[in-house]
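Asker: Sequence:
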Amino acid sequence: EMLREMLLLWAVRLNLLQAFSFSRSTPGRKSLKYASRASHERRACVFPLQSMTPSWSELEDQFGESFHAPSPVSIDSVLQPDKPQFSTIRPTLFRERHGWCPYSERVWFALEIMGVPYDTIRIDNTGGPRPSYYGGGTTPQMKWEDGRTQSESMDLVYRLDEENPSFDLKSTNPEVRQLISSFRSIFPSRSRPSSRASFLFQYNGEPLWKSTFEDTLKKTDALLSETNGPFFFGESLTAADIAWSPFLERYRYQLPCLHPGLEPYDAKLYPNLCAWYDAMDHIPAYICCCKGNAASWRKVLLMAGFGNAGSVPSNIQDNVSNLIERDQKNLGFDDSNDNTQEIWESYAETRPHVASTPAAQAAMVICGNRNAIIRDIQRQQELGRYDVNSDLTESLETADEALRELVQILIGDADETSLTNDSRRRVGELATFLNERICVPRDIGSLSAAALEQVEWRLQTFN
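973 is the number that the working numbering gives the last residue of the sequence shown; the numbers go up by one with no jumps.
Just so you know, these hints were derived from the structure itself, not from any lab. Do not take every clue at face value.
Unchecked claim - Listed next, the in silico EDC-like pairs over lysine to aspartate or glutamate satisfying Cα-Cα at most 20 angstroms (straight line):
id, residue 1, residue 2
1, K778, D725
2, K839, E946
3, K593, E622
4, K809, E773
5, K809, E716
6, K593, E655
7, K720, D828
8, K809, D629
9, K839, D828
10, K729, E672
11, K680, E736
Take these sequences, add in the hints, and give me the full structure.
Answerer: Structure (structure tokens):
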């Protein structure tokens, strides 16, 4: 019996050593871009996280060059109010700091899809502090390389198209210009102005009538039916799609919150609009970077003021709760594109600072913001806003380890089966907390957010 126990102990130690060496960054280690494909093969050799959770420096090494590659300048002017040194070789985009402003998204999307190097300064549009060096006015604005500043979203898109002919948005084409002009005649004209809740509310703070939205969706679908492709001007994306996309994106996720049964993504009622939504979800710069998700756009509606006249209509909370419950039932079914990884690789190919998978990108963002996340956990618990596991708030070491365990799962070097019951509970609640606190696309892109949601679902289901 003693001999059997000794042999068993040595076998366990050997398996641990093999698993530990496999998961380290060593010459010949599998690239992270294949992590998702190899995850099932590796499940047999993952090591117990509760005793061998890698350090932050070891986890950072897993990302390779992307973690240490220079990232584009992105300044939150509320947190960093000092005047920066403006670039003279690339433009600087002033956009709304949370990613709520659809007009800012137009220019942001154009820069991303053209692959134009640029810096970003995020400006508060909700009455908060603005930096002294900002000239005032609305977002977006662009400070060009020569120091001159320009505003008006589509004027900025037109200039970018003119200066970057390698990616032709056809912004000078008269038909494309007419499609852009059609936006104003089709979208509701008597809505309360807002950069956060555009074309949604009446001046009294109540949502526009359901029939008003249905009329807008029918006319949009009819306009799209006049082309020979999924986009507004046919088979390729143009400036018309950039003009319409931020608003149709918000409608897709926010209209069901305003009126039950009002679904823009309905292939029977709006087949051409649905085809457009699907086509947009295959544009790497859009879905990997600029697009928001359902959870974030619902959160925006539940915030008082700046669009809904200072209060949230009572029915919206109930509608949102019903939609969340519906989504929870479907969360285990990954509805992402079959070629999600291919889309992501296309986006990351020309961006060395981007990780090799959507999940790894979420992990890298967590790594870079780990101290702020732990502080936020403690602050939110003190304010009583979230019922966070007490272990995460009472011990910095425990919270730090749970973050490292979550990162390790996201990069594919371990899975939920490797955790103890206590660790699974802590990491699952941590993933839930992050999904509730994260704003898409302010913090991460929609594909990375979806990867984090899937991890949360697996952990909660296992629990």
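Asker: Is the hinted pair K809 and E773 satisfied, with a Cα-Cα distance of at most 20 angstroms?
Answerer: 18 angstroms, holds
Asker: Check whether the Cα positions of K720 and D828 lie no farther apart than 20 angstroms.
Answerer: 17 angstroms, holds
Asker: Take a quick look at whether K839 and E946 sit within 20 angstroms of each other, Cα to Cα.
Answerer: 17 angstroms, holds
Asker: Does D725 lie within 20 angstroms of K778 when you go C-alpha to C-alpha?
Answerer: 15 angstroms, holds
Asker: Given the hint that K729 pairs with E672, test it: the Cα-Cα distance must not exceed 20 angstroms.
Answerer: 30 angstroms, violated
Asker: Are the Cα atoms of K593 and E655 separated by 20 angstroms or less?
Answerer: Roughly 16 angstroms between the alpha carbons, so the hint for K593 and E655 holds.
Asker: CA of K809 to CA of E716, is that 20 angstroms or under?
Answerer: 17 angstroms, holds
Asker: Would you check the hint for K593 and E622, treating anything up to 20 angstroms between C-alpha atoms as holding?
Answerer: Cα-Cα ~25 angstroms, so violated.
Asker: Compare the distance between the alpha carbons of K809 and D629 with 20 angstroms, and conclude whether the hinted pair is satisfied.
Answerer: 27 angstroms, violated
Asker: Does the alpha-carbon distance linking K680 and E736 stay inside the 20 angstroms limit?
Answerer: 18 angstroms, holds
Asker: Compare the distance between the alpha carbons of K839 and D828 with 20 angstroms, and conclude whether the hinted pair is satisfied.
Answerer: 17 angstroms, holds
Hint compliance for this structure: hints 3, 8, 10 are broken, all remaining hints hold.
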